[in-house]
Each structure stands twice: as C-alpha cells, then as structure tokens.
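Peer 1: Single-letter residue listing:
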Amino acid sequence: MKATLERVAAWIDERTGLYTAGRGFFEEKIPASSGWHQVFGSVALFLVLTQAFTGILLAFNYAPTPGEAYNSLRYILTEVTCGRLIRGLHHWGASMLIVVVVLHMVQVFLWGAYKKPRESTWIVGVVLLLLTLTYGLTGYLLPWDNRAYWGTVVATNIAAQLPLVGPLMARLLGGEGAVGVVTFARFYGLHVLLLPPATMLLIGLHVFLVRKHGVAPGPGDEGLSKKPFFPGQVFKDTVAIFFAFAILFLLAVAVRVPLEQLADPGDTSYIPRPEWYFLFLFQTLKLFNGPLELVGSAVLPGLAVMALILVPFIDRGKLVKVTRRTVAIAVVALAAIGWTGLTAAAVKSTPSEALAAQVDYSGPTAWIQLSPEELAGVAYFRQENCVSCHAFGRASDGPDLSRGLIHRDAAWMIRHFKDPAGMRPGSSMPAAGLSDAQLNSLAAFLLRLNPDNATVLADAPEFATQGALVYQSHQCSACHRVNGVGMTIGPALNGLARRQTRSWVADHFANPQKLSPGTSMPPYKFSPKELDNLMSYLFSLPES
Amino acid sequence: MDDERAVAPEERKPLRRNLLLGAMFGMGAAIGTALGLPAVIYLFFSPKSRKPSEWTEAGGIAAIPPNAPVEIAFHRKRVDGWKVVSEKTTAWVVKHPDNTVTAFGPQCTHLGCAYHWTEAGSGFLCPCHTSLFSIDGKVLSGPAPRPLDRYDTKIEAGKLFIGRLRPSVETRA
Numbered sequence: 001m002k003a004t005l006e007r008v009a010a011w012i013d014e015r016t017g018l019y020t021a022g023r024g025f026f027e028e029k030i031p032a033s034s035g036w037h038q039v040f041g042s043v044a045l046f047l048v049l050t051q052a053f054t055g056i057l058l059a060f061n062y063a064p065t066p067g068e069a070y071n072s073l074r075y076i077l078t079e080v081t082c083g084r085l086i087r088g089l090h091h092w093g094a095s096m097l098i099v100v101v102v103l104h105m106v107q108v109f110l111w112g113a114y115k116k117p118r119e120s121t122w123i124v125g126v127v128l129l130l131l132t133l134t135y136g137l138t139g140y141l142l143p144w145d146n147r148a149y150w151g152t153v154v155a156t157n158i159a160a161q162l163p164l165v166g167p168l169m170a171r172l173l174g175g176e177g178a179v180g181v182v183t184f185a186r187f188y189g190l191h192v193l194l195l196p197p198a199t200m201l202l203i204g205l206h207v208f209l210v211r212k213h214g215v216a217p218g219p220g221d222e223g224l225s226k227k228p229f230f231p232g233q234v235f236k237d238t239v240a241i242f243f244a245f246a247i248l249f250l251l252a253v254a255v256r257v258p259l260e261q262l263a264d265p266g267d268t269s270y271i272p273r274p275e276w277y278f279l280f281l282f283q284t285l286k287l288f289n290g291p292l293e294l295v296g297s298a299v300l301p302g303l304a305v306m307a308l309i310l311v312p313f314i315d316r317g318k319l320v321k322v323t324r325r326t327v328a329i330a331v332v333a334l335a336a337i338g339w340t341g342l343t344a345a346a347v348k349s350t351p352s353e354a355l356a357a358q359v360d361y362s363g364p365t366a367w368i369q370l371s372p373e374e375l376a377g378v379a380y381f382r383q384e385n386c387v388s389c390h391a392f393g394r395a396s397d398g399p400d401l402s403r404g405l406i407h408r409d410a411a412w413m414i415r416h417f418k419d420p421a422g423m424r425p426g427s428s429m430p431a432a433g434l435s436d437a438q439l440n441s442l443a444a445f446l447l448r449l450n451p452d453n454a455t456v457l458a459d460a461p462e463f464a465t466q467g468a469l470v471y472q473s474h475q476c477s478a479c480h481r482v483n484g485v486g487m488t489i490g491p492a493l494n495g496l497a498r499r500q501t502r503s504w505v506a507d508h509f510a511n512p513q514k515l516s517p518g519t520s521m522p523p524y525k526f527s528p529k530e531l532d533n534l535m536s537y538l539f540s541l542p543e544s
Numbered sequence: 001m002d003d004e005r006a007v008a009p010e011e012r013k014p015l016r017r018n019l020l021l022g023a024m025f026g027m028g029a030a031i032g033t034a035l036g037l038p039a040v041i042y043l044f045f046s047p048k049s050r051k052p053s054e055w056t057e058a059g060g061i062a063a064i065p066p067n068a069p070v071e072i073a074f075h076r077k078r079v080d081g082w083k084v085v086s087e088k089t090t091a092w093v094v095k096h097p098d099n100t101v102t103a104f105g106p107q108c109t110h111l112g113c114a115y116h117w118t119e120a121g122s123g124f125l126c127p128c129h130t131s132l133f134s135i136d137g138k139v140l141s142g143p144a145p146r147p148l149d150r151y152d153t154k155i156e157a158g159k160l161f162i163g164r165l166r167p168s169v170e171t172r173a
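In order, the protein sequences belong to chains P and B. Oh and the first sequence: position 503 is 503 in this note's numbering, straight run, nothing missing. Oh and the second sequence: position 33 is 33 in this note's numbering, straight run, nothing missing.
Because the hints were derived from the structure by calculation, they are not lab data. There could be a bad hint or two in this list.
Keeping only pairs whose Cα atoms sit at most 16 Å apart, straight-line, the calculated EDC-like set for lysine to aspartate or glutamate is [said to hold, decoys possible]:
no., chain 1, residue 1, chain 2, residue 2
1, B, Lys83, P, Glu275
2, B, Lys48, P, Glu79
3, B, Lys88, B, Glu57
4, P, Lys348, P, Glu275
5, B, Lys83, P, Glu68
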C-alpha cells in the first residue's frame, strides 16, 4: 500500500514537481533566533484565506443590488442554516485580519526586519495593509442597512473633497454626492473582483520576497547554524493560527452582528459611525475645521502612509537587539497611545443608543418587566376602577392585592370576577363587565403582583398600558415575543428601537409585504391613537 | 522549543517530529471541521421555509365542459430564496361527468416541455419528443417515463382551488 502511494507520488512529482517544491518550501533554513514573534504573517495569510472562503459562501446567497442586498442578507441571517455563523465569521474575520496585520507590522518594525535588502518586502506589506483597509471600507456598504449607507455617504464625501483628485474620485465611486446603485456596484466590484486578485498577487510577491531574502535574522545569528522551517516554526505558526481561529469562531458564535433597518436616505436622525478601526481617522477629522479639514482627511493620513513606506530608508542603522531599539519602541508606544486616545474619544462621543427611546429609564420602571398581557391587566384594573376598593398599601374595603397573598389560580379568579358572591359568599364586589380574554389579562397581572412591583399601578405610563391593550387585542403574541412571553414566528420585539424607526414600523403595519417581502404578517389598520400608543409601547421595550 | 541546538538533533528527532506532526494535523483538522461542517450545512440544508398559502383559486368550474381538457392559467405564490414571487402558471383541467376535477401539471414528464391537447382529441401531445398521454394522464406512447403530474384540487362553492403539484409515481406499464 505504502509502496504504491509512494510510486504514485513519485509519478506525479516527476511530471509536476509539486512534492519537490513543497519539500523545498518546508525545508527552507531559517535563522536560529526565529520563533514565536514571527507567527503573525502566517496568521494573517490564514485569515485572508478564511475571508475568501466565507466571502464566497456569502456570495452564494447574496444579491448585490441595493434593495435585494438587504433582503438577501436577512435571508442568510434568519433562514439559511448556519448563515448567521458564516456572516459572523466574515464580519469578525475582517476585524481580526486588521488586528493581525497591524501586529505583524509592529513586530517587523520593532525588530527592524525591514532593513536592507528587505525594503521591498516592507513596502509590499504597506500596500497590503492599505488593501485590507479598502476591503473593510467597501465591505461596510454591502449589507445596505442604515449603518452601511450613512457610513459610506461620509466616506465618499471625504474622498470627493480631496484636492485635485476629488471630483475624479467622486465620479469613480459612482456619482457626485449621492450613494446609490452605481456606488453600490462599484464597491461590490472592488470588494469581490478587483481586491481579491490584487491581494493574492501581492501576497504572492510578499512571500516570494521573504523567501528570496530569507527570514530576517536577529543580531548574533551570523555565528549560529540555521534551523529548518519545518517542523519547529511550522508548529508555532499552526498553534498561533489555531488560537486566532478559536477566538474568531467564538466571536462569530457569541457576538451577534446586527443588521439594522434597510438603508433610508431620508432618515435624518441617523448618526453614522465608521467601523471601529476607522474611528481614529474619524476623530482626527473632527480636530480640523474649515479650510483645515483637508489636513485631517488627506494630509495627515497621506503623510502617515508616506512615513510608513519610507521607514526602511530612514532607519538604515546596524541591526541591534529589539530591546535596544528604543526609538522604534517609543514610536510604537506613541502611535498606540495616539490611536487609543483618538478611538476612545470617538467612542465616548458616540451618542448612546438608549437616548433614542423616549422612556425616562431613571424613573420607576417596574412596568417594563411585565408581559404585554400583564400590562394590559393594569389597563383593565384602572378601567374598572378596582382601586376604589382594592387600594395598594393602605386600608380599604377590599383586600390589599399587592401583598402577594393571592393563592388562587387564574381560573378561580376569573370565575370570581364574573360572579363574586358565588365564589366568595357575602362578597359585595360587583361583577366585572369584561370578556374572558380581558379577565385573563387582569388575572395575569394580579398573579404577578407583589409588594416590590405594586408601584406599577401608579407608574405605568398610559401609552404603555394602552399600547399593551392594543397588542393583546390583536393577539400579537401569537407570533411575537416580548419580555420572554409569546411565540417566535416573527421577530422578538424587545430592543425594537435599536433596529427600526417609528416611520418604518408604521409603514410596516400598513403594508408588511412591501417592506418585508414574504413575511407572513398581515396588514393592520389602527386608529391613529391606537397606533401611537402601540408604537410608543413597543419602542420603549428594552433590549432583552 | 528553541533548544535543539543543545541536544544532537538526530537523537530526539523522530519522536518530537511525530508529536509535532500529530498536533499540527489535529489543529488543522479541528479548523477544517469548524469551517467545513457549517459550510456543508449552509450549502446543502434547505433553509427554514416560509410557506405561502397552499391553495390558489383558479376560477369557477361551471363553464368547463365535461371530458374536454382546458388549459387554465392562474397566479400562484412561490418562495424563491428571500422572495415570495407571484408567478403565472397553468394547469390542464379535466372535468369529469360527476363534477369532480383533475388538474395536470403543464409539463411533460419526460423533459419538461409544455404539452397540449390535440385538436383531434387523441390525447395530450408533447411537441418535443412526441410523448402522448391519455385524458387520465397515462402514457400512451413516446419516451415519457411516467404519467402526468397532478395538482391537489378541491372545489368550494363552485370554484376550483389548486394546491401542490404531486409528481406521479406510477411507472410505465
């Protein structure tokens, strides 16, 4: 068996040279000082390949035109099995790739591995960094949600303001001032047609140059014999790749990447923010106003790229130990501090999403915890003026229901509501004029009542109880879930305020098919008052 | 890890080499599985289906003459990926004397061409490879491997409702 395999291998090798080439690659001699600090390049290559893999899978279920893009991505997220995982891998893989590419550069920079004759390897690396960032910028638009749309509006406007090339850039990116189908097609073309082969070519060149000049030696390597790349260093690379992948996979599984509402060019309330790795540029831009704006948008980034390219020509000194490269360490430390400071400032200035909701969460909010049914019960409790006999926390004619002393079940209570004296002889309580469904709500509320949440009766805002009433009477919970109660045929409604605008939801009630093609939700006609209460209630629901 | 200089490499190489190789293949296999398995599921599992309503109204049956096949066009909803499309489709409907109805799928069971009822009334003839089917859908001649497919049908208040298309299973006698 083994002999046959070897014969087949020899036959193939004789005709293709594949095995010889592979062996040559792995048996390459590397300096004795090589080790764990040199794993980042391999990890970056692995992540690029993973991005290609997940990107192709996404493309199999994705329609690259504005309206369709959003619907097809939502299809991937909500209907295709494992779709959310694949998208998560692609999304977090992009972030991780940028982290790893930067770590790779920092390592090469600290060790001075760009020195003669490896200047060209370094420069190709800088170009690859720029390509990676371009991937991030173009991929950001492809979900075509509000985040994508408004982020790209800002990015294209910055490009259009560049001196000399600005108007050309605007035309190249698809139209002056407006982000639409043309911009989308250009970004998609860049992302999947132009950038991948460019990246592959440059990575090939980068690796070729690494091999041509050999892995950069450290000081003192001259006197030592070299060691083979395989298996020692290959093992270290594999371990690093494994850890990187484990982190990526956990992120993709555990951290949900949101899909916001469909891009709405008329949504003036949206505050765009770029992806985290561009926040430092975003913040830099804020430091310059008026005619100086160009300094932040073009001059400084341009100078930074120029400086990176020139690094090997500026630092031409002798190779010394990394611990003695104090200037390089200082540069990295300063850059890290500057980047962190700018990013932190940008994060801090980002308005909290909760501000969008109109509920004052500093006030008593026990009512938010109630299910819609229980909250509707509050409405009936008020409507039937039960409190005139059942005051909470003080003496009154009827028992104080808030003391958590109810030890009857809902069925008993409903019979009691209908025929008070029949269930409890001698009771002077009048029968409630409510339907069974309404009595159910009332019973649900009373069963939930305890001394800690008794304040809901006074605190629950009118819009919430009335909104819950509309919610109940239209049996929304047959498809939707609120505070863990209800079915999951439709989306859960907690945190709706983060996902949609009020105008979108109002339109969606009127014509669900138009905004969510294929949805099983029927259209609803509410009175303006009902609609207002229901939406205010739904938009006050916190993230579950 | 970096101490192979201290010990003569030849003495410890095979064991260490095999250990490293095993660990590398293990990690590689783990990554391959974690990427490959979801990819297979993503590509080959059918997505959670959204079902449009099963029955489509296809008009009244009063006007259909008995035992004379007519082609009826109707719009039905079909889930197409992330969309539900409303598309025009047809059925060859035969009304029987007892007022029951059979509705055949409009494609020949051989290679999917659209067939027609011959003017002479000899059967459903497919223009592609001359498959001929009888009025009850059985294959009379030609290469068709099985009878015509039938839609589920029901009649309510004199209106014909067309449901799912069921592939025929009966093979040629």
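Peer 1: Are the Cα atoms of P:Lys348 and P:Glu275 separated by 16 Å or less?
Peer 2: Since the Cα atoms of P:Lys348 and P:Glu275 sit roughly 15 Å apart, the hinted pair holds (cutoff 16 Å).
Peer 1: Can the restraint linking B:Lys83 and P:Glu275 be considered satisfied, given a maximum Cα separation of 16 Å?
Peer 2: Violated. B:Lys83 to P:Glu275 sits at ~30 Å, over the 16 Å cutoff.
Peer 1: Do the alpha carbons of B:Lys48 and P:Glu79 lie within 16 Å of each other, as the hint requires?
Peer 2: holds, 5 Å
Peer 1: Within 16 Å, alpha carbon to alpha carbon, are B:Lys83 and P:Glu68?
Peer 2: Status holds; Cα separation ~9 Å.
Peer 1: Tell me if the straight-line CA distance from B:Lys88 to B:Glu57 falls inside 16 Å.
Peer 2: holds, 12 Å
Violated hint for the displayed structure: number 1, the only one.
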